[in-house]
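Work the whole structure out from these sequences, hints included.
Chain residues, written in single-letter form:
Protein chains: 2
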Amino acid sequence: MLRPKQRPANIVSRDPERTRQRILAAALKEFAVRGFAGARVGAIARRARINKRMLYHYFQDKNGLFRSVLRHKINERMRRAEEMAVDPKLVSSLPQWFRQNCQDADWVRLLAWESLQSVRDSVLDEKERRRLARQVAEVIRKKQEAGRLRGDVPPHFVQLAKISLTMLPVALPQLARLIVGCSPRNRKFQEEYGRFLETISVGFRPSIVVVK
Amino acid sequence: MLRPKQRPANIVSRDPERTRQRILAAALKEFAVRGFAGARVGAIARRARINKRMLYHYFQDKNGLFRSVLRHKINERMRRAEEMAVDPKLVSSLPQWFRQNCQDADWVRLLAWESLQSVRDSVLDEKERRRLARQVAEVIRKKQEAGRLRGDVPPHFVQLAKISLTMLPVALPQLARLIVGCSPRNRKFQEEYGRFLETISVGFRPSIVVVK
DNA sequence: CTAGTTTGTAACCAAAAAGTTACTTGGAAA
DNA sequence: TTTCCAAGTAACTTTTTGGTTACAAACTAG
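If you read the protein sequences in the order shown, they are chains A and B. When you line the first sequence up against this note's numbering, it's residues 3 to 214, in that order. When you line the second sequence up against this note's numbering, it's residues 3 to 214, in that order.
Hints may contain errors.
Just so you know, same-sequence chains aren't split out, so a pair can sit in one copy or run between any two.
What the hints assert, rightly or not - Here are the simulated BS3-like cross-link-like pairs (lysine-lysine), alpha carbons at most 27 angstroms apart as the crow flies: (1) K31 / K64; (2) K144 / K190; (3) K129 / K75.
Calculated from the structure, these hints are not laboratory results.
Okay, here's the thing in structure tokens:
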């Protein structure tokens with residue numbers, strides 16, 4: 003009678019969903035920091051404060067875990083992309099992309115690791131991700147049509163340039179630090195670089211006249 | 003008397019310098035493809051067609067080999083940078099930087115791996131590399147003074163932007179492929195993207211008037 | 001010629017890391 | 001209450017991989 007059948011919400015001894023999420027979160031952090039080859043399943047287990055065995059209970063193996071983490075994040079991004087497609091006001095400019103990347107640095111780094119390590123073999127869930135990319139490209143095309151972006155360049159190149167400018171300092175902070183002198187995680191850097199991107203973005207706007 | 007003391011130049015059974023170079027070249031390739039954690043010393047030895055033991059004869063260990071490879075490439079870059087500093091005509095534009103990176107993709111990828119893996123700890127030969135970076139920044143500053151580049155932005159941000167735009171498609175080809183649809187190693191892509199960079203670079207030029 | 005040093009090989013070892021076995025515990029349904 | 005399965009643990013095995021030892025062959029100084 004001390005223990006009611008309905009278990010109290012605060013004292014939980016077993017909770018599969020929580021455990022699963024914990025492993026996913028821990029794996030994201032570990033993979034983001036060390037990459038796939040550098041990551042240690044033992045370290046992930048420790049970080050998630052679960053037994054290594056459970057990791058193999060919820061996921062096939064190290065590889066499967068990596069793919070699950072990726073999928074999880076991809077789905078998250080898909081949802082966000084759909085929200086943005088609905089509300090065109092949310093379509094972001096260069097500094098906004100940059101801020102977003104700074105916020106989700108783990109995802110950016112995961113992407114970088116994945117792209118770096120899969121030189122020959124194709125990438126996970128290629129089809130869906132291509133669709134996501136095309137979706138973004140479509141938004142850019144519409145902006146070009148509306149005259150808010152120069153129309154004499156291919157949309158996907160604009161997209162690639164945007165990603166390059168906003169992702170590299172987040173993905174490769176050490177490299178960025180060699181150049182600018184301070185860590186890209188520095189708040190002041192982020193603000194200043196954001197403003198810089200704003201300034202630079204005239205290169206993407208239409209009808210420019212260069213006065214000698 | 004069949005074997006003269008002076009060994010014939012064409013039949014060489016032992017050649018330390020060649021072996022060393024071979025190991026370095028093989029290690030560069032392996033590290034560029036798989037990164038430090040993913041690289042296998044056995045694979046490097048096989049690639050170099052030497053015995054694994056020799057690798058430890060010429061270099062301390064896997065770590066030492068990685069640093070040697072990096073140093074080797076850094077020196078190469080230093081020399082090139084000095085040449086460029088002498089002849090201001092060689093100071094390169096965005097498309098030229100991009101082409102250079104395409105040519106030396108292994109170096110670009112090595113840089114990316116290094117930066118990605120060393121999140122907390124500092125980077126190798128930080129002092130010299132900072133000097134190299136400042137050297138490049140100085141060239142940019144001079145261009146600004148000469149009025150060939152807009153002067154209202156910090157030189158090192160311009161440098162960071164240039165590196166981002168010209169390095170990312172080479173360092174992360176899979177990611178770029180998701181966006182543009184074809185491999186960045188594709189010759190046609192390289193030409194088109196080079197032209198695109200040329201177009202975009204008006205954003206870096208001074209005295210721009212945006213006509214509504 | 002020969003003794004000693006350098007360059008090279010094959011086989012081996014130890015540590016680390018992935019993955020597994022055998023067992024226990026919690027709790028919900030019968 | 002009892003039964004049974006999912007959730008959990010500790011300790012173990014296997015595989016991988018960085019690093020080493022013991023030995024042989026080539027070259028070089030004396």
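Looking at the structure, which of the earlier hints fail to hold? none
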